[in-house]
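Asker: Using our numbering, read the sequence shown as starting at 1 and increasing by one per residue.
Derived from the structure by calculation, the hints contain no laboratory data. Note that the coordinates shown come from a computational prediction; the quantities given were computed from them, not determined experimentally. Just so you know, even glycine gets a beta-carbon here, dropped at the ideal spot from N, CA and C. Please note: incorrect hints may appear among the correct ones.
[Said to hold, decoys possible] The following label-pair restraints were derived from C-beta to C-beta distances:
| hint | residue 1 | residue 2 | range |
| --- | --- | --- | --- |
| 1 | Thr5 | Pro107 | 18 to 24 Å |
| 2 | Gly117 | Leu140 | 30 to 36 Å |
| 3 | Ile13 | Ile137 | 23 to 29 Å |
| 4 | Ile9 | Phe109 | 20 to 26 Å |
| 5 | Lys8 | Asn124 | 19 to 25 Å |
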Amino acid sequence: MPVSTVRKILQNILQCYQFKITHAQDLLPVDLPELSPCNFLLGWKWTMHGHGTFYGQTKPISISKVLSILKIAEYGKRESFQMQQLPLYSQKFTVWCGFTAAFIVGPFFFKEICPSGTVTCTVNGARYESFLLNHLIPAL
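Sequences and hints are given; from them, build the entire structure.
Answerer: Written as structure tokens, this is what we have:
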């Protein structure tokens, strides 16, 4: 989805004002075989009442970026711009969020509990399948 479309949706429909939008990933024809685990979501289109296709992406991001994103929802219609203090080495985690034309699902966080505390984990096929079956489908 083009950044200009995301900006129009945020400002005109949701009345939110973004700090910064970064283009994350383009799906190329080479990537299509990698999408096979998600093909079953096409069969779930009926649960979305014809509001469109389901989109989602998993990406490691830093907590400071999430705080900036959450500020968008907090500020709502106000255009409030503030300086944010950022740590030198920001803690990172993996988050997934999906959206349709009608609603947003998520965010869901990928993490493991270790003796030293929670640690971010790499999303492999088994973890993604577990996430889809145990968290995403019940949320729909």
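Asker: Against each hint, give a clear statement of whether it holds in the structure.
Answerer: Hints and how they fare:
1. Thr5 x Pro107: 18 to 24 Å: Holds - the Cβ-Cβ distance for Thr5 and Pro107, about 21 Å, lies within 18 to 24 Å.
2. Gly117 x Leu140: 30 to 36 Å: The hinted range 30 to 36 Å holds for Gly117 and Leu140, with Cβ atoms some 31 Å apart.
3. Ile13 x Ile137: 23 to 29 Å: About 27 Å separates the Cβ atoms of Ile13 and Ile137, which means 23 to 29 Å holds.
4. Ile9 x Phe109: 20 to 26 Å: Roughly 24 Å apart at Cβ, these two residues keep to the hinted range, so it holds.
5. Lys8 x Asn124: 19 to 25 Å: violated (36 Å)
The structure shown violates just one earlier hint, number 5.
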